[in-house]
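Asker: Sequence:
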Amino acid sequence: MKKHINSKIYRIGHVAILPLISVLFLSSCGKSDNPEANKSDWKGNTVLMKAAKNGNIDWITELLNDGARVDTKNQDGETALMLAAENGHTECVKILLKNWADVNAKDEDGKTALMFAASNGDAASVKALIEAGADVNMKNNGGWTVLMKAAENGDAGIVKELLKAGADMNEKRNGGQTALWWSAMNGHAECVKVLLAYGTDVNVKDENEETVLMTTAFYGQIECMKVLLKSGADVNMKENKGRTALMYAVIPSPSHKRAECVRALLIAGADVTAKDKDGKTALMLAANSEENAECVKMLQEAEAMK
Numbered sequence: 066m067k068k069h070i071n072s073k074i075y076r077i078g079h080v081a082i083l084p085l086i087s088v089l090f091l092s093s094c095g096k097s098d099n100p101e102a103n104k105s106d107w108k109g110n111t112v113l114m115k116a117a118k119n120g121n122i123d124w125i126t127e128l129l130n131d132g133a134r135v136d137t138k139n140q141d142g143e144t145a146l147m148l149a150a151e152n153g154h155t156e157c158v159k160i161l162l163k164n165w166a167d168v169n170a171k172d173e174d175g176k177t178a179l180m181f182a183a184s185n186g187d188a189a190s191v192k193a194l195i196e197a198g199a200d201v202n203m204k205n206n207g208g209w210t211v212l213m214k215a216a217e218n219g220d221a222g223i224v225k226e227l228l229k230a231g232a233d234m235n236e237k238r239n240g241g242q243t244a245l246w247w248s249a250m251n252g253h254a255e256c257v258k259v260l261l262a263y264g265t266d267v268n269v270k271d272e273n274e275e276t277v278l279m280t281t282a283f284y285g286q287i288e289c290m291k292v293l294l295k296s297g298a299d300v301n302m303k304e305n306k307g308r309t310a311l312m313y314a315v316i317p318s319p320s321h322k323r324a325e326c327v328r329a330l331l332i333a334g335a336d337v338t339a340k341d342k343d344g345k346t347a348l349m350l351a352a353n354s355e356e357n358a359e360c361v362k363m364l365q366e367a368e369a370m371k
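So the mapping is simple: this note's numbering equals the position in the sequence shown, first residue as 1, plus 65.
Be a bit skeptical, because a hint or two may be false.
As the list claims (entries may be wrong) - Heads up, simulated EDC-like pairs for lysine to aspartate or glutamate below, C-alpha to C-alpha not over 16 Å straight-line:
#  : residue 1 : residue 2
1  : K322      : E355
2  : K104      : E156
3  : K306      : D341
4  : K371      : D343
5  : K159      : E196
6  : K118      : D141
7  : K204      : E156
8  : K303      : D271
9  : K345      : E368
10 : K306      : E274
11 : K237      : E255
12 : K258      : E226
13 : K108      : E156
14 : K163      : D123
15 : K362      : E304
16 : K204      : E217
Everything labelled a hint here was simulated from the structure, so no lab data went into it.
Full structure from sequences and hints, please.
Answerer: What follows is the structure in structure tokens.
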């Protein structure tokens, strides 16, 4: 096996091969001191990493048998396990784990193999990594947990798998946003339902005291808004500027569903007379934009009924 390792490495990664005389040297090497099995390119990528990235199970098996170090990192801090997880190669992930790959190793951005697998939507790799002891509550350098990323991506199945494994659903990112916030902002109603079913705080606030309901109102995520309201979201809660979800529904935003949001909030009991710290009501804020004509009409009718 040692005799033909040079040709293996050339075909996988085009790493410079040793002169022919090295074959004689390699044949006398043990697994732990085999230099060719651990050669890397200028970016620090070893042959094992390239095999993992490409999903080549046979090469991974042979390289490990030839003494390839499983936890070597490239210049970005990535290991073979991370590359296999990032590219959706579950069987490669399993082989590397069986060979004691560090399941919680982090790259330069603080990302683990579990984060790569979840971001890639690879439920099978997520499950394998969790079973191997992956920490489901680790954060990357940006303050993201794997649950937040899965929620942002709208992968309800992975969200559920992480929650079953003990992921902290009320953990907050640097700005105070939880997984519920990320799923709702991006319109992932199924993820919102899963998180709420597991008991996440529906009225949690971020660092500006904004609630998830306010976020759905601002971005026009009407389906998520309805799920939140049905689950007991406080429709009249205020943030640090005194604004309510109803006000968020009418201020300038990317939303194209302002009228639908206003209607849903009014039905849920939104206080149309509430004022922010500048003394403005939702109607006053709505009147600042021509896009709010329908909203203005609904708010005027609601005020007239007070």
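Asker: Decide, hint by hint, whether the structure agrees.
Answerer: Here is how each hint holds up against the structure:
1. With a C-alpha separation of about 14 Å, the suggested pair K322 and E355 falls inside the 16 Å cut-off, and the hint holds.
2. The straight-line distance between the Cα atoms of K104 and E156 is roughly 24 Å, outside the 16 Å bound, and the hint therefore fails.
3. For a cut-off of 16 Å, the pair hint linking K306 to D341 stands: about 6 Å separates their Cα positions.
4. With a CA separation close to 22 Å, the supplied pair K371 and D343 exceeds the 16 Å bound.
5. Among the hinted pairs, K159 with E196 is consistent with the structure: their alpha-carbon atoms are about 10 Å apart, no more than 16 Å.
6. A C-alpha spacing of about 14 Å is found between K118 and D141, which places the hinted pair at or below 16 Å, so the restraint holds.
7. Distance hint between K204 and E156 is unfulfilled; the C-alpha atoms sit about 25 Å from each other, more than 16 Å.
8. Between the alpha carbons of K303 and D271 the distance comes to roughly 12 Å, so the proposed pair stays at or under 16 Å and holds.
9. Between K345 and E368, the direct Cα distance comes to roughly 14 Å. Compliance with the 16 Å bound is thereby established for this hinted pair.
10. Between K306 and E274 the alpha-carbon distance is near 9 Å, which keeps this suggested pair within the 16 Å criterion.
11. A threshold of 16 Å between alpha carbons decides the hint, and for K237 with E255 the separation of about 20 Å lies outside it, so the pair is violated.
12. Between the alpha carbons of K258 and E226 the distance comes to roughly 14 Å, so the proposed pair stays at or under 16 Å and holds.
13. About 25 Å separates the Cα atoms of K108 and E156, which puts this hinted pair outside 16 Å; it is violated.
14. A C-alpha spacing of about 15 Å is found between K163 and D123, which places the hinted pair at or below 16 Å, so the restraint holds.
15. Among the hinted pairs, K362 with E304 is inconsistent with the structure: their alpha-carbon atoms are about 25 Å apart, more than 16 Å.
16. For the proposed pair K204 and E217, the alpha carbon gap of about 15 Å is at most 16 Å, so the pair holds.
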